[in-house]
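Here the sequence shown is numbered in our numbering, starting from 3 and rising by one per residue.
Since the hints were made in silico from the structure, they are not lab data.
Do not rely on the hints blindly, as some may be mistaken.
Ranges between beta-carbon positions, derived for each pair [unchecked claim]:
1. 181 <-> 61: 33 to 41 Å
2. 14 <-> 67: 24 to 32 Å
3. 30 <-> 182: 31 to 39 Å
4. 189 <-> 27: 22 to 30 Å
5. 12 <-> 170: 26 to 34 Å
Note that the Cβ used here is the ideal one computed from N, Cα and C, for glycine as well.
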Amino acid sequence: MGRPAMAAMTPAITLFLIILAGALALLVSGRVRIDLAALLVIVALALSGLLPVREALAGFSSEAAIITASVFVISAGLAATGLADRVGGWIGALAGASEWRTLLVVMPMVALVAAFTHQLMVVAMMLPVLLHLARARGLSPSRLLMPMAFAASLGTTLTVLGAPAFLLTSSLLHQGGLAQLGLFSILPLGLALTALGTLYMLLLRWLLPRRTGADAD
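With these hints in hand, go ahead and build the complete structure from the sequences.
In structure tokens form, the structure reads like this:
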């Protein structure tokens, strides 16, 4: 039997591949922010006629996009109000100079905040807090920052707001005529994962690198 005939390289396919290559070049170079690169791709697809303007702009009206944008605004507001300084004081008062007590306080708290905001914003807000706390208490920054990053990821499994993937899934279910995911639909699984992750870090934290001084920086 002969090989199946390959599809002809139409002008539309060629144009799409050019736009795709340009998008990859922008992302790899880092000269343009990711969000701006995505907008440029949408504009290019619309202007080239590969995608109708209505369809190109349809994503901005989706529930997932609106909620995700709102989460970024809320997260930025939390960081701008000076909440990070207060959080550092609360953590220091509860944990003292104990590493395991610090993790026991930080991980559930970070997971809870990440459940309702964007995990990257939580990490950005907590980074200076934990660095200052580590220096003040004589703790290794690396043994606090890595568990904090894991906790932020685990926190996204607590609510549908935690990750855009859950919002998109809920929106697709609604479009398909099915019941949407409730805000706390995934909470039982998220609580179990967060508890196991916290316990894992507490019991096996000795596996984490202990860096101090210039190495910690």
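Comparing the hints with the structure gives:
{"no.": "1", "hint": "181 <-> 61: 33 to 41 Å", "result": "violated, 23 Å"}
{"no.": "2", "hint": "14 <-> 67: 24 to 32 Å", "result": "holds, 26 Å"}
{"no.": "3", "hint": "30 <-> 182: 31 to 39 Å", "result": "holds, 37 Å"}
{"no.": "4", "hint": "189 <-> 27: 22 to 30 Å", "result": "violated, 42 Å"}
{"no.": "5", "hint": "12 <-> 170: 26 to 34 Å", "result": "holds, 30 Å"}
When held up to the earlier numbered hints, the structure conflicts with 1, 4 and fits the remainder.
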